[in-house]
Amino acid sequence: MSIVSEAFVEGLRTLGVEGWDTYPVDIRGRDGEAVSGYVGLVPDATGTSEVVVGSWPSTKPFWSLTVTDDVCLSLHEMGLLFDHEPETDRRWVEGLRART
Numbered sequence: 002m003s004i005v006s007e008a009f010v011e012g013l014r015t016l017g018v019e020g021w022d023t024y025p026v027d028i029r030g031r032d033g034e035a036v037s038g039y040v041g042l043v044p045d046a047t048g049t050s051e052v053v054v055g056s057w058p059s060t061k062p063f064w065s066l067t068v069t070d071d072v073c074l075s076l077h078e079m080g081l082l083f084d085h086e087p088e089t090d091r092r093w094v095e096g097l098r099a100r101t
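Count along the sequence shown starting at 1, add 1, and that's the number in this note's numbering.
Treat the hints as calculated values from the structure; they're not laboratory data.
The structure displayed is predicted, hence computed values, not measured ones.
The beta-carbon is built from N, C-alpha and C at its ideal position, and this holds for glycine as well.
Be aware that a few hints might be false.
Label pairs and their calculated CB-CB ranges [what the hints assert, rightly or not]: (1) Val26 <-> Thr49: 37 to 47 Å; (2) Glu34 <-> Thr69: 29 to 39 Å; (3) Asp70 <-> Gly33: 22 to 32 Å; (4) Glu78 <-> Gly33: 12 to 22 Å; (5) Asp71 <-> Ala35: 17 to 27 Å; (6) Arg14 <-> Ser37: 12 to 22 Å; (7) Gly48 <-> Val26: 36 to 46 Å; (8) His77 <-> Ile4: 27 to 37 Å; (9) Gly38 <-> His77: 16 to 26 Å; (10) Asp70 <-> Glu11: 17 to 27 Å.
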């Protein structure tokens with residue numbers, strides 16, 4: 002299950018990233034109050050999306066979203082990315098330009 006902010010989803014829409022879907026989620030804080038601003042994300046609903054889900058080998062289950070490098074850079078420049086690590090040659094990534 003991938004939970005993302007509505008701002009992240011809007012960023013994907015702004016960039017024209019296709020092939021994913023969302024679904025409503027009911028998130029509650031420890032006090033039982035609803036937490037708004039988040040949705041569930043189906044990362045690769047078509048098999049052709051620039052957003053996919055992956056796992057990282059560790060002692061605990063760990064899932065991550067993987068996006069293409071230009072989507073990653075663009076989301077980062079929009080202020081929507083957190084911790085990220087490019088999987089490609091860093092020299093190539095440094096030469097990328099954001100879509101926005």
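Checked hints:
At about 25 Å, the CB distance of Val26 to Thr49 disagrees with the hint of 37 to 47 Å. Range check, Glu34 to Thr69: about 37 Å between beta-carbon atoms, so the 29 to 39 Å window is met. Our hint of 22 to 32 Å for Asp70 and Gly33 is violated, since their Cβ atoms are close to 41 Å apart. Separated by about 37 Å at the C-beta atoms, Glu78 and Gly33 break the suggested range of 12 to 22 Å.
The hinted window of 17 to 27 Å between Asp71 and Ala35 is violated, with their beta carbons roughly 35 Å apart. At about 19 Å, the beta-carbon gap between Arg14 and Ser37 stays in the expected band of 12 to 22 Å. At roughly 24 Å, the beta-carbon separation of Gly48 and Val26 lies outside the given 36 to 46 Å, and the hint is violated. Between His77 and Ile4 the CB atoms are about 20 Å apart, so this pair departs from the stated range of 27 to 37 Å.
In this structure, Gly38 and His77 meet the distance hint of 16 to 26 Å, their C-beta atoms being roughly 20 Å apart. The hinted range of 17 to 27 Å is satisfied by Asp70 and Glu11, whose Cβ atoms lie roughly 20 Å apart.
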